[in-house]
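*Asks:* Spelled out, the chains give:
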Amino acid sequence: GAGVSQTPSNKVTEKGKYVELRCDPISGHTALYWYRQSLGQGPEFLIYFQGTGAADDSGLPNDRFFAVRPEGSVSTLKIQRTERGDSAMYLCASSAQGQGNTEAFFGQGTRLTVV
Amino acid sequence: KQEVTQIPAALSVPEGENLVLNCSFTDSAIYNLQWFRQDPGKGLTSLLLIQSSQREQTSGRLNASLDKSSGRSTLYIAASQPGDSATYLCAVDNAGNMLTFGGGTRLMVKP
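From first to last, the protein sequence lines stand for chains P and X.
Under the numbering used here, the first residue of the first sequence is numbered 6, with each subsequent residue one higher.
Under the numbering used here, the first residue of the second sequence is numbered 714, with each subsequent residue one higher.
These are calculated hints, taken from the structure and not from any lab test.
A virtual CB, placed ideally from N, CA and C, is assigned to each residue, including glycine.
Treat the hints with care, as some may be off.
As the list claims (entries may be wrong) - Label-pair restraints from in silico Cβ distances:
| # | chain 1 | residue 1 | chain 2 | residue 2 | range |
| --- | --- | --- | --- | --- | --- |
| 1 | X | Glu730 | P | Gly45 | 19 to 29 Å |
| 2 | P | Ser32 | X | Gln767 | 24 to 34 Å |
| 3 | X | Ala742 | P | Glu19 | 40 to 50 Å |
| 4 | P | Ser32 | X | Ser741 | 32 to 42 Å |
| 5 | X | Gly754 | P | Ser32 | 25 to 35 Å |
| 6 | P | Ser63 | X | Gln764 | 33 to 43 Å |
| 7 | P | Ala60 | X | Met821 | 36 to 46 Å |
| 8 | P | Thr18 | X | Val726 | 24 to 34 Å |
| 9 | P | Glu19 | X | Ser741 | 44 to 54 Å |
| 10 | P | Val73 | X | Ser759 | 20 to 30 Å |
Isolated chain X (complex conformation):
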């Protein structure tokens, strides 16, 4: 059974810092990995999708990498802003029909 772990569970940084969020998974036979953002009490917003054949994806200040063989992904956020404060969730797709989520990293960026 796939298990997804995100470290750290919570992170507080001053505005402007570059930061890295980590995601690890136990079963490397994945179709893809997706990073999401969730604001308090809201749904999930898709940030980046990395196919199993890819090693990274970039969108603006966000860069996600995937090392399938070691079961790891990182989300890099450059020049963090207070508006980046949210919970970031990593999810992997093993079977092509469902996502297994990590517990999330709660990020706070202080002005």
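Same shape as in the complex, but just chain P:
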């Protein structure tokens, strides 16, 4: 596609529910990243995929958070037993190589609200 696409753009869920956030990267980009941004702060790294595998998941806050990228393209961020503290903007980015010399392109984000 022309850019990174994230769906849904907004998601409201009840505390304790399960949610899935989808990211469709730029076609051909092998590297995919998830970030989380709280209001008034900069984004914080969650997980990085190179192809199908999670090369670095050190930013995932706990085991309620999980992400997959089964075919090396679309990725899904999954959050179990959501808590009010999970409310944030979830941003996805992709880049051509992920080797530190290429530009990262971001999607429009999914605004998650846990009530």
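Here the structure of chain P is known, so what remains is to put chain X in place on it, guided by the hints.
*Replies:* Chain X in isolation, oriented as in the chain P frame:
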């Protein structure tokens, strides 16, 4: 652990002014530095990417400089316009696989 700081946190200027946004980072062993723009409730738009071997990049009215040894970057915006109002984020790439962001500078350009 890399830490990125942006000063000022907020800035309000009249239209037409030239302005400078500052970014500092603690670990100078970076691959690159990227400046982004974020409109309220939206995603990030990449403005400029500076590789570690470069000292500056220019795009239109924007110029970003990088002084890796001192851990600093500046984003210069010439002849500011109301449409430039947004949050500007600086991010550094240390490991080749993730960006560390500053807290951003919220810019308002008044007509």
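*Asks:* So, for every hint listed, does it hold in this structure?
*Replies:* We went through each hint and held it up to the structure:
1. X:Glu730 with P:Gly45: 19 to 29 Å: 24 Å, holds
2. P:Ser32 with X:Gln767: 24 to 34 Å: 28 Å, holds
3. X:Ala742 with P:Glu19: 40 to 50 Å: 44 Å, holds
4. P:Ser32 with X:Ser741: 32 to 42 Å: 35 Å, holds
5. X:Gly754 with P:Ser32: 25 to 35 Å: 26 Å, holds
6. P:Ser63 with X:Gln764: 33 to 43 Å: The hint (33 to 43 Å, Cβ to Cβ) is violated, given that P:Ser63 and X:Gln764 are roughly 24 Å apart.
7. P:Ala60 with X:Met821: 36 to 46 Å: Since P:Ala60 and X:Met821 have Cβ atoms about 39 Å apart, the given range 36 to 46 Å holds.
8. P:Thr18 with X:Val726: 24 to 34 Å: For X:Val726 against P:Thr18, whose Cβ atoms are near 40 Å apart, the range 24 to 34 Å is violated.
9. P:Glu19 with X:Ser741: 44 to 54 Å: 46 Å, holds
10. P:Val73 with X:Ser759: 20 to 30 Å: 26 Å, holds
Against the hints set out earlier in the document, violations occur for numbers 6 and 8.
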